[in-house]
Amino acid sequence: MDSNLRNTAAMKAHILKLQTSLVSRFENLVATAALESTDYNTTSVNALHMKEESAALVRAAEDLLGLTRQMQELWLFGTLDTLKLREEQQGGGGAEGVAGAVEGWVKAEERAAET
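Heads up: the sequence shown begins at 1 in the numbering used here, then just goes up one per residue.
Check each hint, because a few of them may be wrong.
As the list claims (entries may be wrong) - Computed beta-carbon distance windows for the label pairs: (1) ALA95 / LEU65: 31 to 39 Å; (2) GLN72 / SER24: 20 to 28 Å; (3) THR115 / ILE15: 55 to 63 Å.
The hints are simulated quantities; they were obtained by calculation from the structure and are not laboratory data. All residues carry an ideal CB built from backbone N, CA and C; glycine is no exception.
Given the sequences, and given the hints that come with them, work out the whole structure.
In structure tokens:
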């Protein structure tokens with residue numbers, strides 16, 4: 001795991017970098033494909049450039065897949081806390097609220113069993 005991707009700002013910056021790379025590689029590929037030349041040398045240079053841009057596009061996509069894999073690992077092993085912010089915004093009490101609801105249900109069941 002890349003240790004520099006453990007905070008939100010670094011992860012967002014990395015995602016932005018990968019997104020920019022994907023878009024720019026795709027734009028370069030489309031721009032190169034749009035060139036119309038019948039000269040053998042120009043055509044061969046364009047073909048080589050398209051091959052390089054295609055390889056770079058694939059590499060950028062693989063890097064993005066690697067990032068999603070890292071995010072899954074962070075989430076599975078508990079270091080990516082996606083629920084903490086939501087609980088803080090709602091006023092917390094997630095576990096306490098569930099515990100209170102369970103206690104209320106148990107007490108209601110006990111009262112129903114007594115009668």
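Outcome of the hint check:
1. At roughly 34 Å, the beta carbons of ALA95 and LEU65 sit within the given window of 31 to 39 Å.
2. Taking the beta carbon of each, GLN72 and SER24 are about 26 Å apart, inside 20 to 28 Å as hinted.
3. Under the hint 55 to 63 Å, the C-beta atoms of THR115 and ILE15, about 59 Å apart, fit the expected range.
The structure is consistent with each of the numbered hints, conforming to all of them.
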